[in-house]
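Number of protein chains: 2
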Amino acid sequence: MNDDVARVLGGDQRAISRMMTALERRDSAVAPVIKELDCKTGNAYTIGITGPPGVGKSTLVDRFTGHLRDLGLTVGIIAVDPDSPFSGGSILGDRIRMQRHYLDSGVFIRSVSTRGQGGGLPRIVKRYGVGQTELGIMTVADTVVVALMPESGDAIQTLKAGILEIADIYIVNKSDREGADRMAAAMRAMLQIASEPQEWEPPVLLTQADRGLGIEELWEKVKEHRSFASAPADDLGQPSLLEKRRSDRRRAEFLESIQEELNHRLKARIENDPTLRLMLEDIAIGKREPFSTAAELLEEKHIAGFTFLSGEGESLP
Amino acid sequence: MNDDVARVLGGDQRAISRMMTALERRDSAVAPVIKELDCKTGNAYTIGITGPPGVGKSTLVDRFTGHLRDLGLTVGIIAVDPDSPFSGGSILGDRIRMQRHYLDSGVFIRSVSTRGQGGGLPRIVKRYGVGQTELGIMTVADTVVVALMPESGDAIQTLKAGILEIADIYIVNKSDREGADRMAAAMRAMLQIASEPQEWEPPVLLTQADRGLGIEELWEKVKEHRSFASAPADDLGQPSLLEKRRSDRRRAEFLESIQEELNHRLKARIENDPTLRLMLEDIAIGKREPFSTAAELLEEKHIAGFTFLSGEGESLP
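Those protein sequence lines, which keep their order, are chains A and B.
Just so you know, UniProt numbering puts the end of the first sequence at 317, numbered straight through with nothing missing.
Just so you know, UniProt numbering puts the end of the second sequence at 317, numbered straight through with nothing missing.
It should be emphasised that the hints constitute simulated quantities derived from the structure, not laboratory data.
It cannot be assumed that every hint is accurate.
Repeated chains share a single entry, so a pair holds when one copy, or any two copies, can fit it.
[Said to hold, decoys possible] Computed list of lysine to aspartate or glutamate pairs in EDC-like fashion (alpha-carbon distance at most 20 Å, straight line):
#	residue 1	residue 2
1	244	273
2	244	224
3	267	217
4	40	199
5	223	70
6	287	220
7	35	217
8	35	296
9	267	256
10	267	299
11	40	234
12	223	199
13	40	253
14	40	282
15	223	201
16	223	181
17	35	261
18	223	243
19	287	253
20	223	296
21	35	256
Could you put together the complete structure from these sequences and hints?
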């Protein structure tokens with residue numbers, strides 16, 4: 001196990017891949033390794049890049065990675081695709097477009113859509129994380145970038161998707177298309193209304209990733225946001241925005257780890273308990289109502305050897 | 001409580017609104033009412049309509065509702081918007097566009113994005129549910145319709161969004177725009193490859209909802225899919241696809257009700273337990289690692305009066 005820790009710290013790509021696979025499976029055998037590694041982490045700055053399909057995220061990440069490498073920085077890319085039987089092709093597509101960095105030992109690329117996958121990855125030094133991600137995992141980033149394009153629909157419609165509230169930086173990519181300036185102006189106006197004074201007001205950048213335009217500005221804005229978020233909240237030692245975000249993330253990871261394991265145990269318990277299995281079957285065929293059956297079960301707290309968490313703080317019999 | 005049941009069955013809009021609000025809050029006080037009502041439900045056919053922002057879902061639902069009303073059917077519409085401080089305007093927009101049906105006693109409209117909201121709804125007879133929904137809740141529909149438009153990006157990019165796998169029927173709306181036929185043809189080709197023989201092969205329809213074009217065909221395809229899904233799986237009394245879908249939905253509702261309550265109790269327990277609260281603080285500031293701490297806690301099963309579900313089937317001390 002200490003061997004695994006040393007291998008991961010030494011940049012052994014197979015050890016890192018094994019560890020990430022175990023983590024994806026929430027295999028508790030990897031817990032001691034993660035525990036050892038924890039104090040070595042936190043030096044990377046994590047940038048999340050998301051946006052609707054077709055907006056040019058892969059090209060953007062490719063060019064952004066090139067820029068960071070030119071500056072002598074190392075990059076880790078976690079590409080998150082929706083778990084889909086269809087999307088094998090798209091992941092491959094992303095990889096091909098990133099091939100420019102495939103043999104670069106300063107770039108680590110990993111897809112996390114399919115489990116157990118991930119052979120043949122290049123040597124890794126995780127430092128600047130640039131991820132292609134969906135909405136749900138934007139919480140893992142220090143700076144969140146949302147990419148849109150003139151054809152994403154008009155700005156009002158974009159608001160409707162709810163993605164205007166998660167970003168620290170907005171990009172209107174493919175800005176040579178008609179309506180780009182108008183869209184950026186409308187977004188800036190809305191963001192100005194929505195932002196409180198003292199708060200970070202997300203900038204809106206125009207980019208043409210395929211021609212490398214606007215990439216430098218993106219990096220400048222990321223650095224600006226990083227400075228803003230890293231600044232102490234006050235003179236009294238209160239945590240900075242960045243520290244707060246990272247603390248929230250660690251708390252969430254702890255709670256989610258417990259919740260996932262409890263849900264797993266709940267399902268295992270129902271499968272192994274004839275009374276509960278029958279109850280579930282009655283629910284499925286309409287002999288019992290789902291919501292009220294759940295409420296009754298939780299009310300009794302202890303049915304057929306099934307111990308529930310109590311919210312009141314006492315230890316259950 | 002029996003009064004509430006009678007009122008809901010009698011179509012009392014305030015009683016129904018109150019009940020839906022309580023359900024949204026997962027208030028267990030409503031459980032006995034839901035239990036009584038359960039055997040009266042299941043007669044409505046539920047159609048889920050989703051798609052990217054700007055694709056024209058509201059107009060589509062408005063026209064589709066008009067068509068169903070012309071056929072003498074009653075309609076219930078549950079409009080689900082992402083929970084967002086910005087989207088108040090969009091919900092209002094949807095409502096305005098649906099105003100044509102607002103005073104029609106055969107149409108029930110409710111938004112479920114904001115809690116506690118929902119006054120002034122028209123008289124309700126829930127029969128045909130037509131909902132504007134996000135991906136996550138498509139599981140509640142008997143027939144799932146995904147609306148796209150030529151500008152949603154090309155067909156390959158659409159696959160990437162993962163929404164091509166959830167639909168029973170596809171619509172290319174705004175089909176007067178350039179590229180609609182090409183997009184529909186590409187989607188049909190991919191769906192043919194992806195569908196197994198014997199399985200339902202999702203049709204791809206061209207619509208112009210604002211002009212009412214393609215709405216009749218949509219209803220015909222919904223009926224076709226309903227027939228297909230309702231057909232017995234074999235002569236041996238095996239459940240139909242529709243019965244299977246609905247059973248799965250009931251099972252999921254039961255499990256999710258328990259999980260949400262357990263998660264709620266977990267959080268309450270941590271807040272009330274000084275040892276666990278300290279543990280969470282150590283995690284936040286980096287003194288403890290989240291994943292391994294969760295694993296250790298679950299391993300010990302019982303820390304500081306904190307009883308966990310056991311997966312092995314025995315009753316915990």
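We went through each hint and held it up to the structure:
1. Taking the closest pair of Cα atoms, residue 244 and residue 273 never come within 20 Å of each other, the shortest separation being 43 Å inside a single copy and 22 Å across copies.
2. In this assembly of identical chains, the alpha carbons of residue 244 and residue 224 lie at most 20 Å apart only when taken from the same copy (18 Å versus 53 Å across copies).
3. In this homomeric assembly, residue 267 and residue 217 never come within 20 Å of each other (Cα to Cα): the closest approach is 49 Å inside a single copy and 42 Å across copies.
4. Within a single copy, residue 40 and residue 199 get their C-alpha atoms no closer than 31 Å, and across copies no closer than 52 Å, so neither meets the 20 Å cut-off.
5. Taking CA atoms no more than 20 Å apart as the test, residue 223 paired with residue 70 passes inside one copy only; the shortest distance there is 16 Å, against 59 Å between copies.
6. For the homomeric pair residue 287 and residue 220, neither the shortest alpha-carbon distance inside one copy (62 Å) nor that between copies (33 Å) is at most 20 Å.
7. Proximity of residue 35 and residue 217 under a CA criterion of 20 Å is satisfied in neither setting, with 38 Å inside one chain copy and 59 Å between copies.
8. For the identical chains of this complex, residue 35 and residue 296 are inter-copy neighbours only, at 11 Å across copies versus 39 Å inside a copy, given an alpha-carbon limit of 20 Å.
9. In this assembly of identical chains, residue 267 and residue 256 lie within 20 Å of each other by CA distance both inside one copy and across copies; the values are 16 Å within and 11 Å between.
10. Proximity of residue 267 to residue 299 under the C-alpha cut-off of 20 Å is found in both arrangements, the shortest distances being 19 Å within a copy and 18 Å between copies.
11. When the C-alpha separation of residue 40 and residue 234 is checked against a cutoff of 20 Å, the pair qualifies neither within a copy, at 28 Å, nor between copies, at 59 Å.
12. Proximity of residue 223 to residue 199 under the C-alpha cut-off of 20 Å is restricted to the intra-copy arrangement: shortest distance 16 Å within a copy versus 52 Å between copies.
13. Taking the closest pair of Cα atoms, residue 40 and residue 253 come within 20 Å of each other only inside a single copy of the chain (17 Å); across copies the shortest separation is 42 Å, beyond that limit.
14. Taking the shortest alpha-carbon separations for residue 40 and residue 282, only the inter-copy value of 16 Å comes in at or below 20 Å, while the best intra-copy value is 51 Å.
15. Taking identical chains as interchangeable, the C-alpha atoms of residue 223 and residue 201 lie at most 20 Å apart only when both belong to the same chain, with a minimum of 14 Å there against 50 Å between chains.
16. In this assembly of identical chains, the alpha carbons of residue 223 and residue 181 never lie at most 20 Å apart, being 24 Å within a copy and 45 Å across copies at closest.
17. In this assembly of identical chains, the alpha carbons of residue 35 and residue 261 lie at most 20 Å apart only when taken from the same copy (18 Å versus 30 Å across copies).
18. In this assembly of identical chains, residue 223 and residue 243 lie within 20 Å of each other by CA distance solely inside one copy; the values are 16 Å within and 55 Å between copies.
19. Only between protomers do residue 287 and residue 253 lie at most 20 Å apart by alpha-carbon distance; the minimum there is 14 Å, versus 38 Å within a single protomer.
20. In this assembly of identical chains, the alpha carbons of residue 223 and residue 296 never lie at most 20 Å apart, being 53 Å within a copy and 38 Å across copies at closest.
21. Taking the shortest Cα distances, residue 35 and residue 256 sit within 20 Å of each other inside one copy (17 Å), while across copies they are farther apart (31 Å).
Taken one by one, the earlier hints fail for this structure at numbers 1, 3, 4, 6, 7, 11, 16 and 20, listed in ascending order.
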